[in-house]
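Participant: These are the residues of each chain, in order.
There are 2 protein chains.
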Amino acid sequence: MSANAKEAILAAGRLSAQAHGYGGLNMRELAGEVGIKAASIYHHFASKAELAAAIAERYWQDTKAWLDEVESRHQDPKASLREYPDTFRNSLVNGNRLCLGSFLGAEYDDLPEPVRRQVQTFADVNVAWLQDRLIEAEMVEKENAEDRARAIFAAIAGAQLVARSRSDITIFDAMITSYQRAGLLPQ
Amino acid sequence: MSANAKEAILAAGRLSAQAHGYGGLNMRELAGEVGIKAASIYHHFASKAELAAAIAERYWQDTKAWLDEVESRHQDPKASLREYPDTFRNSLVNGNRLCLGSFLGAEYDDLPEPVRRQVQTFADVNVAWLQDRLIEAEMVEKENAEDRARAIFAAIAGAQLVARSRSDITIFDAMITSYQRAGLLPQ
DNA sequence: CAACCCCTATCTAACAATCGGTAGGCAAGA
DNA sequence: TCTTGCCTACCGATTGTTAGATAGGGGTTG
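So the protein lines, in turn, are chains V and C.
Numbering-wise (this note's numbering), the first sequence opens with residue 1 and increments by one.
Numbering-wise (this note's numbering), the second sequence opens with residue 1 and increments by one.
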């Protein structure tokens with residue numbers, strides 16, 4: 001295992017947290033998925049709180065990398081915006097999982113401080129990226145861009161939440177289509 | 001206490017579940033808020049699962065009653081739609097709490113079956129009411145009304161989720177305004 | 001080259017706290 | 001006297017976390 005163990009813990013922990021949240025994240029179960037014992041996790045992470053913070057930090061870093069890759073792949077900002085819901089969709093396809101930011105957002109009151117900071121950063125990363133694309137696409141006036149970006153972020157996260165509790169991806173797609181028809185997202 | 005105890009348990013349980021979810025709902029703590037001992041709860045509810053199901057059932061019943069009252073207060077369906085986000089807003093004002101449907105929706109995988117049913121009913125109640133108002137207001141074609149209704153429900157739940165993790169009601173209001181400007185909600 | 005040591009990564013075993021839930025008793029009103 | 005509503009006391013399971021041991025690899029030293 002060695003240095004790979006830490007990465008394996010982060011990867012499995014992310015999947016577990018997306019399915020069960022911070023409260024449902026279980027050290028023994030997580031260790032079992034990685035193939036080690038629970039005590040061994042403490043060799044890599046000082047506590048459950050710090051583990052969760054590391055998971056959340058890695059999560060927004062991966063998200064940011066993916067968003068930047070999407071942006072660089074299109075010259076049309078509207079094309080980037082059309083692709084934006086795909087991460088959320090993929091989480092549903094991949095084990096009916098939730099966006100980590102949404103789950104931890106729900107549990108926010110019971111979250112340790114270091115985890116809270118990473119959750120906020122995740123939201124900031126998404127909103128900033130959306131804001132830039134909205135301005136490039138000239139879809140809103142500059143002074144409304146941030147609010148509109150946050151509204152889009154919230155709407156898609158909400159669609160994922162609702163679709164998940166039906167375990168039905170088709171209603172996620174239907175909601176995205178509705179957002180497009182209504183004018184919240186570009187068609 | 002007597003017959004009032006059951007009602008008090010339901011009321012306190014709802015508030016606790018809106019703040020900490022099903023997993024965070026604690027029998028001892030809940031009993032303490034009501035002024036009884038944890039064991040006494042089992043005189044009124046057979047298990048935590050049945051208690052949570054009763055809380056969720058009461059929740060959608062109260063929601064439905066409020067929605068019907070809103071509808072009867074306005075003759076203009078758009079006026080009803082404008083008032084719709086207020087329940088979600090009030091939960092934030094009242095202790096930064098989440099819609100119970102959203103919290104339980106996040107925890108859906110770990111929910112006992114009877115609770116799941118009530119969560120779905122809550123979503124159905126909201127979507128059905130929104131669908132009726134949208135049709136009355138002639139805001140969408142009939143075949144798209146349900147999808148649009150669910151999209152609005154999801155968007156507002158998402159806005160509440162995002163606003164909660166900032167403990168900031170003003171950004172909730174800003175997102176609702178954005179939805180109106182974009183055309184998702186009537187202005 | 002061999003003996004030594006130490007660091008890394010993991011283990012077993014256990015602790016203390018907390019959880020949902022149960023058994024059985026007690027008091028009061030019908 | 002029987003039912004209702006609550007209690008005390010406890011059980012077993014699970015949780016995050018810690019202490020201490022062990023195995024192996026790499027570097028230093030004789």
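A couple of the hints might just be wrong.
Straight-line distance between alpha carbons at most 20 Å, and here's what the computed SDA-like set of lysine to any residue pairs gives [claimed, not checked]:
id, chain 1, residue 1, chain 2, residue 2
1, V, Lys-48, C, Gly-24
2, C, Lys-37, C, Glu-57
3, C, Lys-48, V, Ala-49
4, V, Lys-37, V, Glu-57
5, V, Lys-142, C, Lys-142
6, C, Lys-142, V, Thr-177
7, C, Lys-48, V, Gly-24
8, V, Lys-78, V, His-20
Worth flagging that the hints you see were computed from the coordinates, not collected in a lab.
Participant: Which of the listed hints are broken here?
Facilitator: Per hint list: 2, 3, 4, 5 and 8 violated.
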